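Student: Using the sequences and the accompanying hints, generate a full structural model.
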Amino acid sequence: MTMIDELVPQPENASTRDAIRRTAHAHRARRVAISRVMMILCGIALVLTSIPLVLLLIQLIVRGSSQLNATFFTKLPQSPSLVDPNAIGGVLNSIIGTLALTIYASIMAIPVGVLTGVYLAESRSKLAATLRVIAQTMAGAPSILMGLFGFTLIVKYLQIGFTAIAGSFALAVLMLPVIAISTEISVRNVPDTLREAGLALGAKPHKVSLKVVIPSALSGIVTGCLLAVARAIGETAPVLLTIGGGYLNEWRPLNPVSALPLSIYMNAKSEWPSQRAQVWGIALVLVAFVFVLSLTARIWASRKQKRNS
Amino acid sequence: MPTSTSEIASQREELAEKSASSSRGWYQWLLIGVSVLFAVVSISFVGSIIIYSIPAWAHPGTLLTGKGWQSPTGPFGGFAMIIGTFETSLIALVVAGIVGLGTSLSIVFLVPGKFRNIIATLVELLAAIPSIVYGLWGFLVLAPWMLKTFDPFVNKFPFASTIFGSPGQQFGPSLMLASIVLSVMILPTFVAISREVISAVPSEIIEASYSLGATRWQVIKDVVLPTAKIGLFGATFLALARATGETVAVALVAGGVANAQFHLLYPGTSIAAWIATQFGEAQGTEVSALMALGVLLMLINFSLSLISRSLVNRQRKVLARV
Numbered sequence: 001m002t003m004i005d006e007l008v009p010q011p012e013n014a015s016t017r018d019a020i021r022r023t024a025h026a027h028r029a030r031r032v033a034i035s036r037v038m039m040i041l042c043g044i045a046l047v048l049t050s051i052p053l054v055l056l057l058i059q060l061i062v063r064g065s066s067q068l069n070a071t072f073f074t075k076l077p078q079s080p081s082l083v084d085p086n087a088i089g090g091v092l093n094s095i096i097g098t099l100a101l102t103i104y105a106s107i108m109a110i111p112v113g114v115l116t117g118v119y120l121a122e123s124r125s126k127l128a129a130t131l132r133v134i135a136q137t138m139a140g141a142p143s144i145l146m147g148l149f150g151f152t153l154i155v156k157y158l159q160i161g162f163t164a165i166a167g168s169f170a171l172a173v174l175m176l177p178v179i180a181i182s183t184e185i186s187v188r189n190v191p192d193t194l195r196e197a198g199l200a201l202g203a204k205p206h207k208v209s210l211k212v213v214i215p216s217a218l219s220g221i222v223t224g225c226l227l228a229v230a231r232a233i234g235e236t237a238p239v240l241l242t243i244g245g246g247y248l249n250e251w252r253p254l255n256p257v258s259a260l261p262l263s264i265y266m267n268a269k270s271e272w273p274s275q276r277a278q279v280w281g282i283a284l285v286l287v288a289f290v291f292v293l294s295l296t297a298r299i300w301a302s303r304k305q306k307r308n309s
Numbered sequence: 001m002p003t004s005t006s007e008i009a010s011q012r013e014e015l016a017e018k019s020a021s022s023s024r025g026w027y028q029w030l031l032i033g034v035s036v037l038f039a040v041v042s043i044s045f046v047g048s049i050i051i052y053s054i055p056a057w058a059h060p061g062t063l064l065t066g067k068g069w070q071s072p073t074g075p076f077g078g079f080a081m082i083i084g085t086f087e088t089s090l091i092a093l094v095v096a097g098i099v100g101l102g103t104s105l106s107i108v109f110l111v112p113g114k115f116r117n118i119i120a121t122l123v124e125l126l127a128a129i130p131s132i133v134y135g136l137w138g139f140l141v142l143a144p145w146m147l148k149t150f151d152p153f154v155n156k157f158p159f160a161s162t163i164f165g166s167p168g169q170q171f172g173p174s175l176m177l178a179s180i181v182l183s184v185m186i187l188p189t190f191v192a193i194s195r196e197v198i199s200a201v202p203s204e205i206i207e208a209s210y211s212l213g214a215t216r217w218q219v220i221k222d223v224v225l226p227t228a229k230i231g232l233f234g235a236t237f238l239a240l241a242r243a244t245g246e247t248v249a250v251a252l253v254a255g256g257v258a259n260a261q262f263h264l265l266y267p268g269t270s271i272a273a274w275i276a277t278q279f280g281e282a283q284g285t286e287v288s289a290l291m292a293l294g295v296l297l298m299l300i301n302f303s304l305s306l307i308s309r310s311l312v313n314r315q316r317k318v319l320a321r322v
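If you read the protein sequences in the order shown, they are chains W and Y. Our numbering puts the first residue of the first sequence at 1, with every later residue one more than the last. Our numbering puts the first residue of the second sequence at 1, with every later residue one more than the last.
Worth flagging that the hints you see were computed from the coordinates, not collected in a lab. Where hints are given, some of them may not hold.
Calculated lysine to aspartate or glutamate pairs in the DMTMM-like style (CA-CA distance at most 25 Å, straight line) [unchecked claim]:
| # | chain 1 | residue 1 | chain 2 | residue 2 |
| --- | --- | --- | --- | --- |
| 1 | W | K211 | Y | E14 |
| 2 | Y | K317 | Y | E13 |
| 3 | W | K126 | Y | E196 |
| 4 | W | K126 | Y | E14 |
| 5 | W | K269 | Y | E14 |
| 6 | W | K207 | Y | E13 |
| 7 | W | K156 | Y | E286 |
| 8 | W | K207 | Y | E196 |
| 9 | W | K204 | Y | E196 |
| 10 | W | K156 | Y | E281 |
| 11 | Y | K221 | Y | E196 |
| 12 | Y | K148 | W | E271 |
| 13 | W | K204 | W | D192 |
| 14 | Y | K317 | W | D192 |
| 15 | Y | K114 | Y | E204 |
| 16 | W | K211 | Y | E13 |
| 17 | W | K204 | Y | E13 |
| 18 | W | K211 | W | D192 |
Computed from a predicted model, the values in this text were never measured in an experiment.
Tutor: Next comes the structure, spelled out in structure tokens:
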């Protein structure tokens, strides 16, 4: 006796009863078979997704790690020649450039982004509602447009030229909405009871915001900032149009700099096999930066969550 | 003393209202000032690109439907880039949408619980990989492979050359390669969002349908997908927005040729990739023509994200009702 037998009505006539039972069983067998096939198809989709992504990661690690040596991290790039086709030097200038760009961009974006996020969370004005729509739209804007913006405003209009400051401005515009949105979410997640307790003790609203709300939301805010930095560090399009490139160890804001994504883009098309091979090393370093930042962000967020719950 | 919950709620509203508006001290003004600064940056972001593109709009017809791009004097036709953008991202979206939906369903319904979080984290990490790395992989690994294996294979089928073009004369980068790289690139993004949407379907209604004797697929088809439908469309539009705006990956693998044609195995380009590849040498009117392409890209992207946001908001309302 299966469950189906209990569910079907039991007519007096034995042959009718059998017929109903057979139909019900056949129906169930069909449903189960269809379900099996569809779930297998879903499983195949999972495998199909994994294949290219796993291949990419393996190739990145295998081909990239063979490029990492002391020269790679400490020397400037060199142009290979027919005499010495393997003289490609290192990528120190790009590492320094990327760090400089990221730091300048963070200095510009984090204070403005966090304060905008706090305002979005705490205000109910029309301005806040409008800003929220703007931030959400900007967060998804193609990064090449940030490059065009950096070019028009800093390079052309302010006549500062292709410089680190132009590139980091473009990256800061990219980070701003991301930071604002994640800050808003984490400030909103602070329980109202905390706020009210502060107000009930007679604290001024700004004291409550600064001493109660922002400290409780801090881990979420830091997570959002780290994820924004992780996104900015790997962006190629904005820096392509703004930083000018360069083959020196340069970090000063008003000079042209290089960056890791930019040298990947430039060297991938090189006619020298040695330079094309080195690109994998650069990509590995870049992905390592991004993974460390996003994993730190995630671990931070989950640890805080555990403590809260 | 307030007695009912509604009274308490209204008092809380009042308190919050008061704390927000009462003392407009230095702190309030600081927040408002910084937010206005953010608004100014955003407005000048849109404005400056539009202003610099104005000279190019003298010939809007050429810009939208013209087939050639003659640098440095013009005419500058954007037809090839517009086609390339839509062709590559729509193909990528169809592939990534179907495969990605199956993937998120199997992450939620097939993968055992203890691995689920690991896979979810892994997918989010993959979504964080810079797009240039996907482009690099497509350019150095996939392109030679496609030239050797994929292209000849595709053209063994009858009539394939009407869609794909004739094989054997290209050097690797093509619109097809760009579509494949884009679909691999947007897969993690799409899976990360659609998995979240699917796992947000309340477990009560899933368990209820299991208890009525539904098979796993019936639960998915009749309960999960209808409930998550709008949110999944939102994820789709978000993925499409990401694909249309992708720059350097497409610039590496599409071939960078302004050919107004539909054959997938020939090189082509997209709006964003064309801006990136041409900007270095552009002068005068060509710069504003590229800016005009940027305005076009902005319009496409903003409307896609508007649609996806309204869909996600509607999904939230659907879930609140369930």
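Student: Which earlier hints turn out false for this structure, listed by number in ascending order?
Tutor: Violated: hints 3, 5, 8 and 9.
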